[in-house]
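Q: Just need the whole structure built from these sequences, with the hints factored in.
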Amino acid sequence: MPFSVLKHIRRPALLGLAVLLIATPATAQDPPDNVEYDIITRHDSLTVWLNLARYVGDGELQALSDGIGYACRVDLQLTCPRRLWGSISVAHTSREFFLSYSLPTHNYCLALPDTSGPAYTFASADDLLDYLTDSVRIPICLIDSLPTGRSYRLSLNISPISLTSINLAAGNQAENPSTVKLLFQEFLRLTGYGRDQWKTTSRTF
1 MPFSVLKHIR RPALLGLAVL LIATPATAQD PPDNVEYDII TRHDSLTVWL NLARYVGDGE
61 LQALSDGIGY ACRVDLQLTC PRRLWGSISV AHTSREFFLS YSLPTHNYCL ALPDTSGPAY
121 TFASADDLLD YLTDSVRIPI CLIDSLPTGR SYRLSLNISP ISLTSINLAA GNQAENPSTV
181 KLLFQEFLRL TGYGRDQWKT TSRTF
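Each step along the sequence shown adds one to the number in my numbering, with nothing skipped, and position 161 is 161.
Treat the hints with caution; some may be incorrect.
Said to hold, decoys possible - So the derived label-pair ranges between C-beta atoms look like this:
#1 Ala53 to Ile143: 21 to 29 Å
#2 Trp85 to Asp126: 44 to 52 Å
#3 Ala125 to Arg153: 17 to 25 Å
#4 Asp33 to Cys141: 21 to 29 Å
#5 Gly86 to Ile39: 20 to 28 Å
#6 Cys80 to Tyr131: 30 to 38 Å
#7 Thr204 to Tyr131: 26 to 34 Å
#8 Asn157 to Phe205: 28 to 36 Å
#9 Thr115 to Ile143: 41 to 49 Å
#10 Thr121 to Thr148: 41 to 49 Å
#11 Asn51 to Pro147: 35 to 43 Å
#12 Asp144 to Thr121: 33 to 41 Å
#13 Asn51 to Thr93: 12 to 20 Å
#14 Leu142 to Gly57: 32 to 40 Å
Simulated from the structure, these hints should not be mistaken for laboratory data.
Note that the structure is a prediction, hence the values are computed from the model and not measured.
By construction, the Cβ of each residue, glycine as well, lies at the ideal position given by its N, Cα and C atoms.
A: Here's what the structure looks like:
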């Protein structure tokens with residue numbers, strides 16, 4: 001078949017394909033391993049931003065309104081890969097988040113018992129989810145402490161838990177976060193650490 005005829009046949013096909021691609025709506029893709037994160041620098045520290053709202057759905061919000069606490073533990077490990085095999089641990093940190101709902105005030109509470117900061121209160125579930133989406137940043141180590149000229153890799157482990165056995169009230173969290181931390185550890189021990197886990201490892205950077 002002459003080339004000129006092929007060209008005329010292909011042109012409508014290409015136009016049809018272009019129209020189909022434009023007319024097809026783009027769908028949001030879930031991040032790999034269901035962990036949405038980014039590695040950033042903040043206040044001279046290597047920091048990880050996480051979207052924890054992915055793990056707080058309608059079921060978790062309903063449980064919170066029924067008085068059942070919700071916790072999420074995040075473990076971060078920074079490693080330096082060896083040339084042949086294995087890796088060297090460079091820095092490790094963890095952070096625990098406790099969510100609860102106050103029936104008298106109708107506020108949601110977010111407490112971080114492993115930090116010295118205060119608990120956060122939110123007037124609505126949307127405000128809570130907005131914070132969990134945009135504002136969770138966990139520092140790992142000072143950037144100046146990392147040797148230059150090396151490659152690094154970050155491992156993330158996210159463990160959400162519905163505290164159906166231990167009800168952590170918002171008032172107790174704010175007043176005595178160390179007690180809450182002990183209760184959380186006891187809960188993990190009693191349940192054999194049985195819970196959903198989401199894990200992922202970054203590319204070498």
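Q: Could you see if the CB distance from Asp144 to Thr121 stays within 33 to 41 Å?
A: holds, 36 Å
Q: Starting from the hint 41 to 49 Å, judge whether the C-beta atoms of Thr121 and Thr148 obey it.
A: holds, 42 Å
Q: Per the hint of 21 to 29 Å, is the separation of the Cβ atoms of Ala53 and Ile143 within bounds?
A: holds, 28 Å
Q: Is the gap between the beta carbons of Asp33 and Cys141 within 21 to 29 Å?
A: holds, 23 Å
Q: For the hint 28 to 36 Å, verify it against the beta carbon of Asn157 and that of Phe205.
A: violated, 19 Å
Q: Lying within 30 to 38 Å: is that true of the beta-carbon distance Cys80 to Tyr131?
A: Taking Cβ atoms as reference, Cys80 and Tyr131 lie about 33 Å apart, which means the hint holds.
Q: Verify the CB-CB distance for Asn51 and Pro147 against the hinted window 35 to 43 Å.
A: Between Asn51 and Pro147, where Cβ atoms are some 30 Å apart, the hint is violated.
Q: Is it true that Asn51 and Thr93 lie within 12 to 20 Å of each other by Cβ?
A: Cβ of Asn51 to Cβ of Thr93: about 18 Å, so the range 12 to 20 Å holds.
Q: Regarding Thr115 and Ile143, is the given constraint of 41 to 49 Å on their beta-carbon distance met?
A: violated, 20 Å
Q: Using the C-beta atoms of Gly86 and Ile39, is the stated range 20 to 28 Å upheld?
A: For Gly86 and Ile39 the Cβ distance comes to about 22 Å; the hint holds.
Q: Between Ala125 and Arg153, is the Cβ distance one that fits in 17 to 25 Å?
A: violated, 35 Å
Q: Assuming the hint says 32 to 40 Å, is it satisfied by the Cβ distance from Leu142 to Gly57 or not?
A: The hint (32 to 40 Å, Cβ to Cβ) holds, given that Leu142 and Gly57 are roughly 36 Å apart.
Going through the hint list in order, the structure does not satisfy hints 3, 8, 9, 11.
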